[in-house]
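A.B. asks: Single-letter residue listing:
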Amino acid sequence: MENKLKRNPAVSWRLEKEKICQINKTKEEGMLKDLDEGVVFINLKNEMFELNLLGAEIWLLCNGERTKKDIIKVLFKKYKIPREELEHDVNDFLSKMKNLHLII
Amino acid sequence: MNTGISIPSAPLSIAWNFTYSCNMNCEHCYSRTEQGKELTNEEQEYVTKQLIKAKILHINFGGGEPLIRPSFFFIAQLAKKFGIGISLSSNGWLIDNRVAKSLASIKVDVVSISIDSTNPEKHDKFRNCSGSFNRAIEAIKLLKQQGLKVKIFSVLSKINYKEVKELIKLAETLEVDELLFKNYKPAGKGLINVDRYDLTPQEWEKVYKKLIKFQRHSKVNIGLGAEPLLHLLSESPSENDENQSLIRGAPCGKLSLCIKPNGDITPCAYVNLVLGNMLKDDLLYIWQNSPILYQLRNKKPTGKCTKCPNFEWCQGGCFAAAYNTSGCIDAPDPHCWWQPN
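Residue numbers (the working numbering), protein chains in the order written: chain V, 1 to 104; chain W, 1001 to 1341.
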């Protein structure tokens, strides 16, 4: 059975709600330059990491109730981008996050 | 993951100088010359609640020697209870088995112990405290026995920049999690003694080049901190940015702030530019509206920085070192070795 993914309970993290609103507004105005801005900040033993919008979305979905397959399913439904591309991006992201012990 | 340069809605971390008191009197200390009325235990609790409210992610307790104030344990525990990461910078003198156990029970994330030289006499002399080397080593062993993550802090200066190899060996022998080489700061006693202990720009270049080489081969993790001048040594200017930092230039005032023992808020521990006080002012208002922070976040190149292609990445280096030595935030970092042709 596939593992359910969860955020390492040892991390402290913060979602930048106001920044998400700003980015969404920028997107609506057709400007894409801010899409890579950090909207989640994570601290693990005084090492800081930041996630962009898509990274943040995956991060929020890693709530201990979803497997990787479930996460891909949710994102596929929302973004309608080629499944192969999405799977590659999610795999890449999750493996980095696991290596950093941010997701377990 | 990305390396954007946007400012978060609140500081990510706080360097809390918990007390002015210290049982040592180090020659490079940035805070030994400071004095004031320290926050009471109740005021410290109030400050901690403000930090919880602001959703700060990490607090590093420094000083003076933070373990001199018994309230440290209560405050650290309170912050930890609300999910804030905690680290402690100590000289190790007060860490016995009982204290090490208490730190482990609070689940302090990282403890950093200062070691200035592998030569005990040199270390003790620099700290004006006989026996301090042996106590620091003993503290490291006790902390490791408790399963804590332990770092050695070593401020690079004239007394040790030629013995970095020996410091690395010591760190490997002690099996610490990291050996962090910190940049000498011309602040407090560090400013008074700058001519005696600070390195020349060329010496900084040389020692950083050496340490970058050691980083590749050492058994211990060698850290160089968020040192903006390291951009000068990257093969591509963005290399450091992508690998180490969330932000261009120094993180002070962009990702972090400092709280002094009396509650004063400053951009970092090494500068006495007071932005407000935790007892009277709103931390988030200061973070979002301080004209000093605005200036730090929008540094203008001056002097040789106007001609330097790295300014975009290093942002002039350490503003505290620049300000303390020249009176100008925008002045080039006095440690910078880059010269226009």
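Misleading hints may appear alongside valid ones.
The list that follows gives simulated cross-link-like pairs (lysine to any residue, SDA-like), each with its CA atoms no further than 25 Å apart [what the hints assert, rightly or not]:
| id | chain 1 | residue 1 | chain 2 | residue 2 |
| --- | --- | --- | --- | --- |
| 1 | V | Lys-45 | W | Ser-1102 |
| 2 | V | Lys-17 | W | Ile-1286 |
| 3 | W | Lys-1300 | W | Leu-1232 |
| 4 | W | Lys-1125 | W | Lys-1080 |
| 5 | V | Lys-17 | W | Arg-1098 |
| 6 | W | Lys-1122 | W | Ile-1192 |
| 7 | V | Lys-80 | V | Lys-45 |
| 8 | W | Lys-1107 | V | Ile-104 |
| 9 | V | Lys-4 | V | Leu-100 |
| 10 | W | Lys-1053 | V | Arg-14 |
| 11 | W | Lys-1206 | W | Asn-1193 |
| 12 | V | Lys-17 | W | Ala-1010 |
| 13 | W | Lys-1049 | V | Asp-70 |
| 14 | V | Lys-98 | V | Cys-21 |
| 15 | W | Lys-1206 | W | Ile-1159 |
| 16 | W | Lys-1080 | V | Lys-25 |
| 17 | W | Lys-1162 | W | Ser-1234 |
| 18 | W | Lys-1081 | V | Cys-21 |
| 19 | V | Lys-77 | V | Ala-10 |
| 20 | W | Lys-1182 | V | Asn-63 |
| 21 | W | Lys-1182 | W | Ser-1105 |
| 22 | V | Lys-17 | W | Ser-1009 |
| 23 | W | Lys-1122 | W | Lys-1169 |
| 24 | W | Lys-1037 | W | Gly-1276 |
| 25 | V | Lys-25 | W | Trp-1287 |
| 26 | W | Lys-1081 | V | Asn-63 |
| 27 | W | Lys-1158 | W | Ala-1226 |
| 28 | W | Lys-1053 | V | Cys-21 |
| 29 | V | Lys-4 | V | Asp-89 |
| 30 | V | Lys-45 | W | Gln-1146 |
| 31 | V | Lys-17 | W | Lys-1122 |
| 32 | V | Lys-45 | W | Arg-1098 |
| 33 | V | Lys-25 | W | Gln-1146 |
| 34 | W | Lys-1125 | W | Cys-1022 |
| 35 | W | Lys-1101 | W | Cys-1022 |
| 36 | W | Lys-1081 | V | Ile-103 |
| 37 | W | Lys-1209 | W | Glu-1166 |
Label-pair distances were calculated between CB atoms; the ranges are [what the hints assert, rightly or not]:
| id | chain 1 | residue 1 | chain 2 | residue 2 | range |
| --- | --- | --- | --- | --- | --- |
| 38 | V | Leu-60 | W | Lys-1081 | 18 to 28 Å |
| 39 | V | Cys-21 | W | Phe-1074 | 32 to 42 Å |
| 40 | W | Phe-1074 | V | Glu-29 | 42 to 52 Å |
Rather than coming from a laboratory, the hints here were simulated on the basis of the structure. Even for Gly, the Cβ is constructed at its ideal location relative to N, Cα and C.
A.B. asks: Against the structure, test the hints numbered earlier, and report the numbers of the ones violated in rising order.
C.D. replies: 4, 5, 7, 13, 14, 16, 18, 19, 20, 21, 31 and 33
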